[in-house]
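Chains W and L are the protein sequences, given in the same order.
Be aware that the first sequence starts at 1, since it is given in UniProt numbering, and climbs by one per residue.
Be aware that the second sequence starts at 1, since it is given in UniProt numbering, and climbs by one per residue.
Hints are computed from structural coordinates only; laboratory data are not their basis.
There could be a bad hint or two in this list.
Partial list, computed: chain L residues near chain W (C-beta under 10 Å) [what the hints assert, rightly or not]:
| # | residue |
| --- | --- |
| 1 | 48 |
| 2 | 222 |
| 3 | 347 |
The model shown is predicted, which means the values in this text are computed figures rather than measured ones.
Each residue gets a CB set at the ideal place from its N, CA and C atoms; glycine is no exception.
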Amino acid sequence: MTMAEATESAPAARASRVWTRDVAVRATVVVLVLAAALVLAYLRADKPVIVTQAVVTGILTGGVYGLVAMGLTLIFGVLDVVNFAHGAFLALALFITYGVVQTTGVHPYLALLIAVPVMFGLGWIAQYAVLNRAMGRPLENQLLITLGFSLLIENGLLLFLGGNPHSVHFPGNRGLPVLGAVADLSRVLAFVAALVLAGVLYLILRRTRIGTAIRAVAANRQGASLIGVDVRKIYALTFALGTACAGAAGTLVAPFTTIQPTAGQTFNILAFVVVVLGGMGNVLGALAGGLLIGLTEQLGGIYLPGQSPLLLVFIVFVLVLFLRPQGLFGRSS
Amino acid sequence: MRKIWTTVALASAVSLGAAACGGTAPGGATGGSGGGKTIKIGTLHPLSGASAADGKQLENGAKLAVEAINAAGGIKSLGGAKLEISSGDTQGKPDVGQSEATRLIQGGAVALVGTYMSAVSANVSAVAERNKVPFVMDVTGDDGVLKHGYKYTYRIQPPNSQMGTQGAQDLYEISKAAGHPVKKVAYLHDDTAFGTSVLAAFKAQAAKLGFQVGPEISYSPASVSDLTTQVTQVKASGADVLAVTGYYADSVLAAKAVASVKPKLNAVFGIADGAFDQPQFPGDAGAAGAGLYDTNYRQDANNPQVQQLTTLYQQRFNDKIRTEAMLSYDAVRVIAAGLEKAGSSDRTKLRDAISGLSLDSLVIGNGPIKFDATGQNTGSLPVVTQVQGDAAKVVYPAKYAEDKVTPSFPATAGS
Numbered sequence: 001m002t003m004a005e006a007t008e009s010a011p012a013a014r015a016s017r018v019w020t021r022d023v024a025v026r027a028t029v030v031v032l033v034l035a036a037a038l039v040l041a042y043l044r045a046d047k048p049v050i051v052t053q054a055v056v057t058g059i060l061t062g063g064v065y066g067l068v069a070m071g072l073t074l075i076f077g078v079l080d081v082v083n084f085a086h087g088a089f090l091a092l093a094l095f096i097t098y099g100v101v102q103t104t105g106v107h108p109y110l111a112l113l114i115a116v117p118v119m120f121g122l123g124w125i126a127q128y129a130v131l132n133r134a135m136g137r138p139l140e141n142q143l144l145i146t147l148g149f150s151l152l153i154e155n156g157l158l159l160f161l162g163g164n165p166h167s168v169h170f171p172g173n174r175g176l177p178v179l180g181a182v183a184d185l186s187r188v189l190a191f192v193a194a195l196v197l198a199g200v201l202y203l204i205l206r207r208t209r210i211g212t213a214i215r216a217v218a219a220n221r222q223g224a225s226l227i228g229v230d231v232r233k234i235y236a237l238t239f240a241l242g243t244a245c246a247g248a249a250g251t252l253v254a255p256f257t258t259i260q261p262t263a264g265q266t267f268n269i270l271a272f273v274v275v276v277l278g279g280m281g282n283v284l285g286a287l288a289g290g291l292l293i294g295l296t297e298q299l300g301g302i303y304l305p306g307q308s309p310l311l312l313v314f315i316v317f318v319l320v321l322f323l324r325p326q327g328l329f330g331r332s333s
Numbered sequence: 001m002r003k004i005w006t007t008v009a010l011a012s013a014v015s016l017g018a019a020a021c022g023g024t025a026p027g028g029a030t031g032g033s034g035g036g037k038t039i040k041i042g043t044l045h046p047l048s049g050a051s052a053a054d055g056k057q058l059e060n061g062a063k064l065a066v067e068a069i070n071a072a073g074g075i076k077s078l079g080g081a082k083l084e085i086s087s088g089d090t091q092g093k094p095d096v097g098q099s100e101a102t103r104l105i106q107g108g109a110v111a112l113v114g115t116y117m118s119a120v121s122a123n124v125s126a127v128a129e130r131n132k133v134p135f136v137m138d139v140t141g142d143d144g145v146l147k148h149g150y151k152y153t154y155r156i157q158p159p160n161s162q163m164g165t166q167g168a169q170d171l172y173e174i175s176k177a178a179g180h181p182v183k184k185v186a187y188l189h190d191d192t193a194f195g196t197s198v199l200a201a202f203k204a205q206a207a208k209l210g211f212q213v214g215p216e217i218s219y220s221p222a223s224v225s226d227l228t229t230q231v232t233q234v235k236a237s238g239a240d241v242l243a244v245t246g247y248y249a250d251s252v253l254a255a256k257a258v259a260s261v262k263p264k265l266n267a268v269f270g271i272a273d274g275a276f277d278q279p280q281f282p283g284d285a286g287a288a289g290a291g292l293y294d295t296n297y298r299q300d301a302n303n304p305q306v307q308q309l310t311t312l313y314q315q316r317f318n319d320k321i322r323t324e325a326m327l328s329y330d331a332v333r334v335i336a337a338g339l340e341k342a343g344s345s346d347r348t349k350l351r352d353a354i355s356g357l358s359l360d361s362l363v364i365g366n367g368p369i370k371f372d373a374t375g376q377n378t379g380s381l382p383v384v385t386q387v388q389g390d391a392a393k394v395v396y397p398a399k400y401a402e403d404k405v406t407p408s409f410p411a412t413a414g415s
């Protein structure tokens with residue numbers, strides 16, 4: 001490292017420290033607001049077990065939302081591509097899982113060994129063969145391409161496998177008691193896997209050479225290419241990683257989702273919200289945003305009975321956008 | 001860049017998933033006929049999108065009806081004219097349904113059949129009225145569709161209000177006969193017009209019969225992925241019956257949540273529910289589906305013609321037939337009988353003939369298919385099914401029961 005670089009990096013490091021402190025402050029505020037909301041919910045509800053159940057369900061489904069949103073946010077953070085096909089990729093993984101379980105009769109989670117690599121490969125091909133040609137062009141091009149992917153996948157599934165719903169059964173699935181509430185074993189496992197995956201992704205991005213290259217491309221694609229990073233390969237790798245996340249999510253949610261070609265749309269709607277809320281491109285932010293949305297959705301049903309539980313989700317969403325347009329954990333641009 | 005994300009998220013929020021769909025309209029081949037005269041019937045069903053499985057069933061039902069009528073010699077009063085289907089894909093969207101209806105009418109369809117979704121049917125009925133083309137609705141629940149005073153729109157299935165009213169009545173009678181008269185019903189429903197209108201009718205009838213309805217818990221079918229909290233609310237409320245109105249995937253979630261929360265219920269009772277009476281439901285829900293009731297339209301399993309059609313459908317399409325397909329089959333039969341009676345393919349003469357028809361149905365009813373002044377089939381009658389073993393079977397009223405089964409009550413799901 002030359003002197004010039006060293007002196008230049010000092011303010012950058014300081015800025016980074018300031019930003020970290022800033023995030024900690026914001027995280028504390030979010031936790032405090034949630035705690036206040038919880039206390040209020042306990043006071044309002046006639047039976048405390050309802051709120052406990054809402055919290056348990058909110059955290060578990062929130063983890064799944066975060067898991068789906070992670071791939072989406074990674075792709076956006078590095079490629080600036082809004083991936084409309086994310087839900088369709090998830091649906092494809094659901095069908096792969098269903099196929100594996102149907103033909104071999106193994107435990108559904110073993111399908112991860114097939115679904116994740118297959119989705120990784122598909123993501124790589126999609127980016128390398130198609131999307132890379134549209135990079136650097138107006139944003140609508142990429143948007144239309146991913147929209148095309150989603151139509152292709154969903155209608156392909158419909159054409160070849162039919163629209164009838166399917167399901168896979170999770171052997172030994174049962175409700176675990178948690179402080180009077182119940183948590184389905186399959187949902188608990190999906191949640192734990194979401195945490196592990198978020199950790200793995202974070203470590204890949206922060207601690208490996210590949211991760212450094214990905215972050216370099218995200219920060220400045222021209223600069224990265226000047227120091228010898230193959231930007232097109234990094235794009236393909238990132239899209240593949242994001243798609244693999246959708247693949248993992250697909251297998252993990254298969255035991256408690258009705259498997260049909262449009263199944264991914266259920267998660268897609270909230271995943272978009274989660275990505276914006278968590279800060280675009282922020283993997284851990286996606287997980288936090290997912291948890292926040294999961295809890296808000298569940299508590300919404302208690303606060304506003306008779307209304308759609310999503311009402312509170314979008315109230316929170318609009319409020320956050322109003323106060324922090326860059327998302328809760330995003331850096332201001 | 002950020003603005004794009006915000007727009008994307010907001011757009012998804014507003015249209016609830018519509019952002020990611022789209023699709024293409026198939027070029028429905030409406031090619032000319034050869035020597036003999038052919039008469040075109042337009043079908044409008046969701047062949048792509050989230051309801052594609054149902055749309056396919058409806059489309060196949062109409063197809064089989066046309067084949068059967070042609071094989072039996074076509075429309076005899078018109079010199080054995082053959083029927084032909086012009087097919088339109090609504091994608092489940094009202095605007096697409098409207099443009100497809102216009103396309104089919106311009107292509108020469110003498111009548112329309114459809115559409116599975118009330119919002120789509122509402123638009124198509126307006127197009128049909130404007131063009132004076134008879135429109136026979138196979139599946140469409142919303143009461144409002146027939147309240148415009150249109151002269152060309154008919155409905156075969158029972159409307160939402162009838163299903164809600166009949167559901168409350170049946171639940172009351174079954175529970176009373178079993179010695180556990182219903183006292184308090186918790187109601188879980190989707191927050192669209194479907195769930196809310198069925199609930200309203202159910203509540204009105206419950207008030208007449210003297211049992212309580214509450215809590216009323218709603219959810220958004222397009223985004224729901226768990227109903228455990230909602231079922232915990234049901235458990236805490238002390239209700240003795242849970243009524244459910246919803247679509248397929250969300251109703252499976254409801255059944256699974258009941259199985260894991262285990263509320264003390266005498267019954268889980270679907271009211272016009274889109275899952276509990278379907279042939280694939282017991283397999284998808286597993287143990288959680290056992291004993292679940294549903295009040296809904298239903299094919300008459302004791303009718304030999306229905307049994308033949310069931311076998312034929314399995315052979316032709318490698319799938320189990322649903323009542324929906326029987327309804328579209330009936331809708332085509334109504335049009336064929338109208339053509340036969342009118343002796344003309346003139347659309348207004350056909351309308352007049354359909355208005356005065358009386359036709360036996362493949363679907364259980366309290367009389368033949370006949371239309372009142374609004375166009376509603378006066379013979380429509382929802383009946384009660386229960387999942388027993390690996391299938392949902394009609395259990396009530398007793399005279400329509402399949403395999404002579406009787407309602408099992410109390411029936412705690414998932415145990």
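Verification of the supplied hints:
1. 48: Holds. Min distance 6 Å.
2. 222: 7 Å, holds
3. 347: Not OK, violated: residue 347 of chain L not within 10 Å of chain W, min 32 Å.
In terms of the numbered hints stated before, the structure departs from hint 3 and from no other.
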